[in-house]
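Build out the structure end to end from the sequences listed, making use of the hints.
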Amino acid sequence: MLYRENGQFKTSYTTDSRVFPIAQDRIGIALLLAFAVVGVPLLADEYAFRAILIPFLILSLAALGLNILVGYCGQVSLGTGAFMAVGAYAAYNFMVRIEGMPLLLALLMGGVCATVVGVLFGIPSLRIKGLYLAVATLAAQFFVDWAFLRISWFTNNSTSGSVSVSGLNVFGIPLNTPHEKYLLCLGFLVVFAWIAKNLVRSHIGREWMAIRDMDVAASVIGIRPVYAKLTAFAVSSFMVGVAGALWGFVHLGSWEPAAFSIDRSFQLLFMIIIGGLGSIMGSFFGAAFIVVLPIFLNQFLPALGGLFGVSISTAGVAHAELMIFGALIVFFLIVEPHGLARLWSTAKEKMRLWPFPH
Amino acid sequence: MKFKTLALAATLALAGTLVPIAHAQNKVQFFPSLTGRTGPVAPNATPFANGYADYMKLVNLRGGINGVMTLVEECETAYATDRGVECYERLKGKHGGATVFQPLSTGITFALTEKIPNDKIPMITSGYGRSDSQDGGVFKWNFPLIGHYWVAGDVVLQHIAKQEGGWDKLRGKKIAVVYHDSPFGKELLPIIDERRKMHGFEVQLLPVPAPGVEQKSIWLQVRQQRPDFVIMQTWGVMTATAIKEAVATGYPREKMFGTWWSGAEPDLRDIGAAAKGYSAVMMQHGAEPNAPVVKEILDKVHAKGQGTGPRDEVGQVLYMRGVVGAMLAVEGVRAAQERFGKGKVMTGEQARWGYENLNLTQAKLDALGFKGVMRPVSTSCFDHMGSAWARVHTWDGAKFTWASDWLQADEQIIKPMVRSSAERYAAEKKITRRDPKDCQS
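Protein sequence lines correspond, in order, to chains A and B.
For the first sequence, the numbering used here gives the first residue as 303, with consecutive numbering after it.
For the second sequence, the numbering used here gives the first residue as 2, with consecutive numbering after it.
Keep in mind that the hints were calculated from the coordinates and are not lab data.
Residues from chain A that face chain B, not an exhaustive set, calculated with beta carbons under 7 Å: (1) 352; (2) 353; (3) 451; (4) 462; (5) 468; (6) 554; (7) 555; (8) 556; (9) 560; (10) 616; (11) 617; (12) 620.
Below, a list of computed lysine to any residue pairs in the SDA-like style, where the Cα atoms sit at most 25 Å apart: (13) A/431 with A/523; (14) B/431 with A/402; (15) B/430 with A/472; (16) B/217 with A/448; (17) A/650 with A/632; (18) B/95 with A/612; (19) B/28 with A/349; (20) B/95 with A/349; (21) B/170 with B/409; (22) B/416 with A/461; (23) B/95 with A/354; (24) B/430 with A/469; (25) B/121 with A/470; (26) B/343 with B/358; (27) B/430 with A/458; (28) B/430 with A/453; (29) B/121 with A/349; (30) B/175 with A/452; (31) B/245 with B/400; (32) B/95 with A/601; (33) B/305 with A/613; (34) B/95 with A/613; (35) B/430 with B/120; (36) B/121 with B/441; (37) B/198 with A/452; (38) B/430 with A/485; (39) B/95 with A/621; (40) B/121 with A/343.
Positions of the beta carbon are idealized from the N, C-alpha and C atoms, including for glycine.
As structure tokens, then:
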């Protein structure tokens with residue numbers, strides 16, 4: 303009843319091409335943003351910021367980047383962890399090697415370096431497709447792991463191979479409290495989500511989707527696969543690279559290549575599969591599912607046991623967490639193979655018809 | 002779904018080991034425990050966590066720390082850095098604030114080193130973590146008590162040199178280093194390199210990618226190159242794999258030397274007699290089945306059914322390391338109570354003073370039940386390690402026996418390395434060295 307666009311007429315091109323054509327959506331998003339900026343800091347404690355919200359925001363950004371490549375352009379990639387690592391290490395090198403380098407610029411330059419590497423490893427996509435491409439991008443993962451472990455220049459000759467950053471500031475404002483870090487990550491995410499949403503509904507987004515749906519047909523109607531595929535790799539790696547830089551700088555503070563291992567690539571791929579391929583919203587849902595659920599289970603199970611007077615050993619909780627988590631993934635994929643984003647859009651459809659479904 | 006969760010939780014609680022819930026009391030000293038009970042290091046990290054928990058129970062049975070009871074809460078990291086950071090954030094504010102963290106992972110140590118100065122919580126990293134954090138002038142909150150990797154590396158080489166009959170006998174020899182390809186593994190290399198420059202032996206580096214279950218090619222390289230000795234800086238399932246591969250390629254175990262994370266029962270038990278002759282340097286203690294503290298734990302904790310893990314692991318190498326870790330954590334608090342008030346709960350900041358002014362004499366250690374297990378430890382503002390003693394033990398096919406006398410790492414070599422590395426860190430982080438006045442605080 304409330305969620306219905308009846309009476310909202312589009313009278314100009316501007317209104318016709320809005321990101322959110324329905325007024326209720328606009329209000330909803332505005333409220334959500336306001337809540338994220340003002341409400342969350344009032345409610346969240348330090349633990350929620352550091353352990354849940356910041357990782358969620360950063361991995362959402364990475365999932366968003368990956369979703370452009372896999373979900374919109376149909377190029378399966380297992381090199382996400384590698385592109386994150388390139389972003390993080392490049393930003394680190396800009397920070398330590400250039401005196402007075404602003405943090406934001408370093409983070410973005412990390413993204414630029416990741417773009418270059420991403421495009422480089424995207425070149426094989428012109429010849430190979432599907433699972434074969436996934437294996438080819440795996441090469442990026444192994445190569446980057448090797449490079450950051452072996453080439454000591456990248457780690458500023460750190461003896462242990464671990465690098466760290468501290469004393470971060472944005473425009474002279476020190477970035478100390480988790481609240482400030484949260485706002486920085488939120489800012490990046492909002493800007494990139496807005497860019498991504500607009501990109502996928504522009505001509506370039508349509509090219510990506512055409513390539514995804516059938517590349518031969520796409521090239522017949524005049525879409526250049528080289529351009530479409532490589533731009534997808536470029537945009538995707540840029541976002542993933544910035545996410546990687548944020549992961550290192552803001553979340554971990556000190557990291558080694560293991561922080562961006564093959565497990566990270568799989569984790570991000572699972573996020574977008576569970577969240578919904580080819581959906582901006584799906585990236586957020588997937589990230590929330592994969593980041594928050596294990597932590598929730600890990601704390602909920604002992605509490606649940608406590609209610610019944612049983613205590614579960616630490617190892618028991620860890621095993622149960624993995625089992626339940628795995629079971630839930632299977633459950634959701636059976637119930638909704640198109641991901642959580644589809645559940646969300648189904649719910650929206652239902653709301654439009656409510657209370658008179660037909 | 003909910004029923005399933007309940008059923009699962011119930012089954013697990015019945016099947017798994019039951020840990021009694023420590024009820025929060027008014028006056029508790031909270032010791033968080035970051036565990037690695039699952040994942041690639043589980044066989045080794047589990048006894049450590051059990052020893053840590055058991056000793057804390059024993060402290061409570063002995064009457065607490067001047068009446069203040071200890072409380073342990075575990076959080077599982079599975080040796081993953083991001084989970085470790087999450088655990089740290091989860092536990093640091095609980096039960097009146099964490100006293101001290103012992104992450105048992107070099108990766109987590111590196112990440113937490115950046116966080117603890119802001120939260121004012123000390124961190125003990127006995128035998129792991131950053132070697133340069135021995136320099137308390139730069140690393141105010143880190144305590145690599147009783148040893149770090151450079152001590153391990155120096156003592157291993159000393160032992161080899163002694164066996165050969167002097168440092169000059171090492172000239173021209175070839176020593177291979179098989180190491181975990183991560184900060185944990187690489188931290189060992191600077192001391193090996195330093196000694197290589199001094200004594201003119203040749204070093205062959207053989208990094209093994211984590212988690213280290215695939216080492217065929219590494220050991221084929223060893224067979225091909227025939228190094229005179231192999232030093233192993235390995236942890237978890239990696240050590241057992243390495244020794245199995247050495248057996249398969251026929252490299253003599255007598256020429257293989259582990260550092261202190263690579264020589265414990267879980268690594269060698271399954272290989273048994275085939276691993277005979279393998280040695281590892283031990284951070285002071287080894288397997289101590291006859292130590293008074295072990296007997297006390299068996300009598301007071303395990304006999305009452307309060308033991309955290311299986312009874313037969315009590316006194317094993319890594320169980321003992323957990324016990325020693327817990328003892329150091331507790332004694333630091335006791336030292337802090339001397340200054341800030343006996344019978345009071347210490348904050349992390351007060352406990353830090355205790356760790357910095359630790360003075361465990363032999364008499365004190367003996368009274369705690371560590372007779373024959375440990376040598377005195379004495380820390381100061383500029384030395385956060387407090388002791389550089391170690392011994393080497395050898396596997397006889399079924400158990401460990403001591404193969405060397407007490408050996409001391411050469412401070413003349415390690416101190417300058419620690420200092421220059423710490424200076425580098427300070428310059429990178431724009432930290433100014435603490436002045437002597439700050440040491441009093």
